[in-house]
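2 protein chains.
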Amino acid sequence: MGALRLPALTSFFTVRSPAPAIKQRLRLPLRRPFSTAEKVVGAVVDKEKERVITPRSEDFNAWYLDVIANAELADYGPVRGTMVIRPYGYAIWEAIQEYMNVKFKETGHSNMYFPQFIPYSFIEKEASHVEGFSPELALVTVGGGKELEEKLVVRPTSETIVNHMFTQWIHSYRDLPLMINQWANVTRWEMRTKPFIRTLEFLWQEGHTAHATAEEAEEEAMQMIDVYTKFAYEQAAIPVIAGRKSRVETFAGASTTYTIEAMMGDRKALQAGTSHNLGQNFSRAFGTQFTDENGQRQHVWQTSWAISTRFVGGIIMTHGDDAGLLLPPRLAPLQVVIVPIWKKDNEKTGVLTASSSVKETLQAAGIKVKIDDTDQRTPGWKFNFYEMKGVPLRIEIGPRDVSSGTVVISRRDVPGKQGKVFGISMEPSALVAYVKDKLNEVQSSLLERATTFRDSNIVDVYSYNELKEAIAQGKWARGPWSAGDEEELKVKEETGATIRCFPFEQPEGPKKCLMTGNSADEVAIFAKSY
Amino acid sequence: MGALRLPALTSFFTVRSPAPAIKQRLRLPLRRPFSTAEKVVGAVVDKEKERVITPRSEDFNAWYLDVIANAELADYGPVRGTMVIRPYGYAIWEAIQEYMNVKFKETGHSNMYFPQFIPYSFIEKEASHVEGFSPELALVTVGGGKELEEKLVVRPTSETIVNHMFTQWIHSYRDLPLMINQWANVTRWEMRTKPFIRTLEFLWQEGHTAHATAEEAEEEAMQMIDVYTKFAYEQAAIPVIAGRKSRVETFAGASTTYTIEAMMGDRKALQAGTSHNLGQNFSRAFGTQFTDENGQRQHVWQTSWAISTRFVGGIIMTHGDDAGLLLPPRLAPLQVVIVPIWKKDNEKTGVLTASSSVKETLQAAGIKVKIDDTDQRTPGWKFNFYEMKGVPLRIEIGPRDVSSGTVVISRRDVPGKQGKVFGISMEPSALVAYVKDKLNEVQSSLLERATTFRDSNIVDVYSYNELKEAIAQGKWARGPWSAGDEEELKVKEETGATIRCFPFEQPEGPKKCLMTGNSADEVAIFAKSY
Chain B
1 MGALRLPALT SFFTVRSPAP AIKQRLRLPL RRPFSTAEKV VGAVVDKEKE RVITPRSEDF
61 NAWYLDVIAN AELADYGPVR GTMVIRPYGY AIWEAIQEYM NVKFKETGHS NMYFPQFIPY
121 SFIEKEASHV EGFSPELALV TVGGGKELEE KLVVRPTSET IVNHMFTQWI HSYRDLPLMI
181 NQWANVTRWE MRTKPFIRTL EFLWQEGHTA HATAEEAEEE AMQMIDVYTK FAYEQAAIPV
241 IAGRKSRVET FAGASTTYTI EAMMGDRKAL QAGTSHNLGQ NFSRAFGTQF TDENGQRQHV
301 WQTSWAISTR FVGGIIMTHG DDAGLLLPPR LAPLQVVIVP IWKKDNEKTG VLTASSSVKE
361 TLQAAGIKVK IDDTDQRTPG WKFNFYEMKG VPLRIEIGPR DVSSGTVVIS RRDVPGKQGK
421 VFGISMEPSA LVAYVKDKLN EVQSSLLERA TTFRDSNIVD VYSYNELKEA IAQGKWARGP
481 WSAGDEEELK VKEETGATIR CFPFEQPEGP KKCLMTGNSA DEVAIFAKSY
Chain P
1 MGALRLPALT SFFTVRSPAP AIKQRLRLPL RRPFSTAEKV VGAVVDKEKE RVITPRSEDF
61 NAWYLDVIAN AELADYGPVR GTMVIRPYGY AIWEAIQEYM NVKFKETGHS NMYFPQFIPY
121 SFIEKEASHV EGFSPELALV TVGGGKELEE KLVVRPTSET IVNHMFTQWI HSYRDLPLMI
181 NQWANVTRWE MRTKPFIRTL EFLWQEGHTA HATAEEAEEE AMQMIDVYTK FAYEQAAIPV
241 IAGRKSRVET FAGASTTYTI EAMMGDRKAL QAGTSHNLGQ NFSRAFGTQF TDENGQRQHV
301 WQTSWAISTR FVGGIIMTHG DDAGLLLPPR LAPLQVVIVP IWKKDNEKTG VLTASSSVKE
361 TLQAAGIKVK IDDTDQRTPG WKFNFYEMKG VPLRIEIGPR DVSSGTVVIS RRDVPGKQGK
421 VFGISMEPSA LVAYVKDKLN EVQSSLLERA TTFRDSNIVD VYSYNELKEA IAQGKWARGP
481 WSAGDEEELK VKEETGATIR CFPFEQPEGP KKCLMTGNSA DEVAIFAKSY
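Chains as they are written, first to last, in the numbering used here: chain B, 1 to 530; chain P, 1 to 530.
Honestly, the hints are just simulated from the structure, not real lab data. Computed from a predicted model, the values in this text were never measured in an experiment. Each residue gets a CB set at the ideal place from its N, CA and C atoms; glycine is no exception. Treat the hints with caution; some may be incorrect.
Computed from the model, here is a short list of chain B residues facing chain P with C-beta under 7 Å [said to hold, decoys possible]: (1) Val79; (2) Arg86; (3) Pro87; (4) Met100; (5) Tyr113; (6) Phe114; (7) Ala138; (8) Leu139; (9) Thr141; (10) Gly144; (11) Gly145; (12) His164.
Excised from the complex, chain B in its bound form (with noise of 0.2 Å):
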């Protein structure tokens, strides 16, 4: 009911303009469901099958679930709880490395590597850490065949083995700062996992930097943050909001978190990243001193902040429709795919001809492109299979297209017609020009569209019950707060929803707790979240 199907294999040869893909049945080869963990039997694993994508505002999760399948951005791994990340899936954490990687030099930071085992005793050093990572640890008992003295941990996070090994590295304040980061897997035991958004074993990176002084840890948790927010808006199109965690939320041994929070598409809060102040907590549990300009010794001031695999969850849930995935051009591994269309044999050469030309022009000019020219599926397929997997543009490329030297362009964000563009010139300067032109349109028009969902989805509050009522309909609510730790709790078990951050962005003028009535100085934000 409500599905959306693709047009059948033989059907839909000679459409040019299919209609929009809302609502119809999505017929596709077999794709093993994510949301199903037996393994498929050989013998009839080769025929087509119907797959569908239930419509995302029927279920949530579970469109989640089958654009993840038929996208093949990810599989379940055999162990439970873990993800198998496809090519697919990858290549978006690789746009995202790629990225971060440039801005994290620029801003003075060196890549390294920490060995994943940490001795168990090293966790137990800073006691809110311990507190918070110790349900989640996955151990190594056992080690060429030998019971292991002291089990190790399979890093949850590395704050304390990095600081174990700074303490070594650090003497003088000549050694300082010292800003590194690690592209590394990291394990935690979760109970309920959910593919890119909570896996007991993800990939991420994580930052680490020690300082003279609490201001300059202060800044550069301060400037991290603001790495990530500009990624989240510039190349994901994610307009999220960046804001200190509250005490209760902060991550189990920092002094302060920010963080970065994204309205997913069932309005659920995604916190897609965040980095720590953390003080002296850890340098005083291990010790990591320097020797100042005056020869005291001191502790060392630090910072971590990470992003991980998770984001490319949030892009999903950010941006994608009932047609599948729908991907922000900056970070889309396929920006344009070219679908060739021919009926005759005596059409098929000069339309293949035209997509290749096409297609290296637009790859010279730094576009991710590729053609589709497979002759066993029709272009109907062809292009409902795109638009699922999220691809930016299409260009079809039709015997009339050839001979007056066009293409047809059009916009995965603008389904129909509406979004197609027919009669652009294929003449190189003018073609690149267009698409990269178009590609922009599409990432300003995805981060417009989510950012006008999100606004519509904040309601301010002034009274606990207005809050109640917001988390009620869904909505994230903002509203001012100077109460304690115990009625932040009271609102999560009532409400199920959390101070998502103290955003940075605060209004002007006096505030009163929408649960105390006291004087407050700041709003926080208030939501559901994964």
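We have chain B; now place chain P onto it with these hints.
Just chain P now, kept in the frame of chain B:
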């Protein structure tokens, strides 16, 4: 005795051409030596202390560890046998990754990511695989505070989990070839470890492919060993010998293993990369089948291939000398260091301005360059420091250079005056051309030198006695071989040498097995190895 001494801080200020650094004592800020594991005590760490790089000829292993510690390539992790890869060492690995990633994609492979936790039962499915790997496994037995029902293996390699997934993704011949790669950490519980060469955890890439025919798999395995060979010669300047492993030395689970073998500075062999034709061994164990064009179910034919952070160790041990590290320009994180030299304050501005402008010129030309303009160190100290770090070229700029519009350029690989050229024009196009030229010269000369060294240390042998003599002299022995596994193991027991490979390049003409006197088709190379 005989160790390398770096000029004291104050004594070297005006010297333009320090004596070759050989056989002096190297004085550097305290670096925690790699070879001691105790924690540096806070109270003593801020002093300047003498550090010694053991001469290579005196104790190759001690030299290797000293270079790694002093050049800050790596450090010991807190868990026995683990290694922290520090920024300078990691940057070499990043240069390897950057090159390889392009080659892998050019040859049709996509990156992806498999979970590192593998159910123990998987490892047991392929008989020789479990035999090869079970002594080296790290096992996770506790997760989230609970004893696990099935213990998990921390991946030592991923053939098993890859096949588990391939079985679900491969249905028909249209899904083949399936060609993927992952960059990942792997864990092998090694008893005798050595930084970069053999550590409990290391970083690598592992390619995995599945094909419809035995021929395609063989072609792929050969293609990838060829990619590694080209990389070794052209980027790392290491004249590896590529060939086939003997049955005894074949990877656990492979039908054939191809290898590249490098001769280190102590003439021990290092297996620097391998490519395996897995035949149908894993596809039979995991039921990885496809329906061929005739509708018949067939097992896929597979390959896997890997290089690891071990390669960084290979680079150190191939090119390094008594002065420290010597990096091939194409993989050097820093290709050129600029050392500005001034005595009087009124000279400083001119020298620093010229240095900056030279830096910008080179940087704009894509050359990796930095200026060391600290005045806390003498030029002489810096000369030796960057020689120890293996930077291929050094540019000196003093007041006289500024007035003549020239610079002095020294090659790391040619010590002393011989490697030093005065009066190179600062004019950008001339300077860039000169520097690029010199970098290429260093690159070729490293390869040439290593090739000469290799060739003068391979002895053609025709009898077991000759083999024993060659090995006893520390050389590689190359001789005709058609004897069995038992004889091969006897050679190992009696000489310590193993068959490194049957090289692809074979002498022509009839041959007689050096051990049995029977006719032989091929020569094998025997050597002691890491």
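* To do: Sort out which numbered hints this structure fails and list those numbers smallest first.
  => 4
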